[in-house]
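Undergrad: One letter stands for each residue in the lines below.
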Amino acid sequence: GNSVTQMEGPVTLSEEAFLTINCTYTATGYPSLFWYVQYPGEGLQLLLKATKADDKGSNKGFEATYRKETTSFHLEKGSVQVSDSAVYFCALSENTDKLIFGTGTRLQVFP
Amino acid sequence: KAGVTQTPRYLIKTRGQQVTLSCSPISGHRSVSWYQQTPGQGLQFLFEYFSETQRNKGNFPGRFSGRQFSNSRSEMNVSTLELGDSALYLCASSLTAATNEKLFFGSGTQLSVL
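Residue numbers (the working numbering), protein chains in the order written: chain A, 667 to 777; chain B, 476 to 589.
Chain B on its own, in the form it takes in the complex (with noise of 0.2 Å):
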């Protein structure tokens, strides 16, 4: 079984452009969670979707967006890069929204912005 496939695996930008990242869940699984990973931050929430609605929304600008397909892929966007946004983006699945629920992460898209 295939496991969380995220793309690209690297991104170049430059201030001010936009970016779209994008999430392939795990076979059958409903659910997908974005995170932010930094090394002074740690993880952060940025947002999840289940059955194509976001239900939970982590405290990032509204320059931060997502959606989810009815294939249960996803895609991230960031418009308006800041070079404060060079992170690794890390996207999970679950079967279910629960919360106590095993997420399965994907590699991530390290991100630079220069």
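Next up, chain A with everything else stripped away, as it sits in the complex (with noise of 0.2 Å):
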């Protein structure tokens, strides 16, 4: 069936540090791909979304691009600030299929 893998966290980075999440996904057809994020005390909010081959998805300083060659849709921001530190959950949905998420990865980040 469809699965979403990410790296474990969490991810700790100073200030202005670049991040990169890393996330694959399997799926037998053409899903749509998304990055949430949840700041804590909170239900998830949508950061970015592609929905086909080589879309960049892109939402406050955060990036990502589908690629169908290697399966995979890495979240990436070039400058991070403490206010970025939450759980960050990638998704896919398929046909009729509510998203599929994965296990998270916490982001902490200090001044």
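Since the hints were derived computationally from the structure, they do not count as laboratory data.
Any given hint might turn out to be false.
Claimed, not checked - Cβ pair distances, simulated, as ranges:
{"no.": "1", "chain 1": "B", "residue 1": "534", "chain 2": "A", "residue 2": "733", "range": "22 to 32 Å"}
{"no.": "2", "chain 1": "A", "residue 1": "668", "chain 2": "B", "residue 2": "514", "range": "21 to 31 Å"}
{"no.": "3", "chain 1": "A", "residue 1": "733", "chain 2": "B", "residue 2": "555", "range": "39 to 49 Å"}
{"no.": "4", "chain 1": "B", "residue 1": "484", "chain 2": "A", "residue 2": "711", "range": "16 to 26 Å"}
This one's a predicted model, so the numbers in the text were calculated from it and none came from an experiment.
Note that CB positions come from ideal geometry on N, CA and C, so glycine has one too.
Take the two lone chains, each set in its own frame, and fit them into one complex as the hints suggest.
TA: Written out as structure tokens, the structure is:
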């Protein structure tokens, strides 16, 4: 079945460092791919998405490119801030199925 | 515009009891999905409702059930609670049932089973 694999956390960075959170997926067809973020005590919020191969989703300085050849959708940001500290979830949806999430990666950014 | 509202925010129950969680979607949204979030398993899909009909169901035992009302509000019920049911239960709504549509999540109901 479809699945999403994310790198284990926590990821600990200093402010202004470069961020990469790896995400790979398994799907039978051509899924849509998402990154959601969960701040402490809150529900998830959509960060960005891409619906077809080579699409780049971007929002708030975060970017991710849908790579069909490597079945990946890695999240990147050039310069993280303390306020980016949260849990990040990679997810996919295909056909009539709702979102399938990865296990989440906690990001901790220190000043 | 009000967001997705889940009640109650926290619940403490004992094994064997049953519990009902409530979710009010964003006004105009007709699709409601439920997820269970635990530290070990991450986010797991429970079920999805659209226009009062269950469209999809995850891999959970029959003790977990849900329903949706004509005003799109949804309830989730867990009967004969087990310790392993302790989790954050998240509800999400969307305008339609399209699979690539953005989901709007509530803050969740934290259920503790003692």
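Undergrad: The structure should be examined with respect to each hint, and the outcome stated for every one.
TA: Cross-check of the supplied hints:
1. 534(B) <-> 733(A): 22 to 32 Å: At 29 Å between Cβs, range holds.
2. 668(A) <-> 514(B): 21 to 31 Å: Between residue 668(A) and residue 514(B), where Cβ atoms are some 23 Å apart, the hint holds.
3. 733(A) <-> 555(B): 39 to 49 Å: The hint (39 to 49 Å, Cβ to Cβ) holds, given that residue 733(A) and residue 555(B) are roughly 45 Å apart.
4. 484(B) <-> 711(A): 16 to 26 Å: holds (18 Å)
Going down the numbered hints, you'll see the structure goes against none, and every one checks out.
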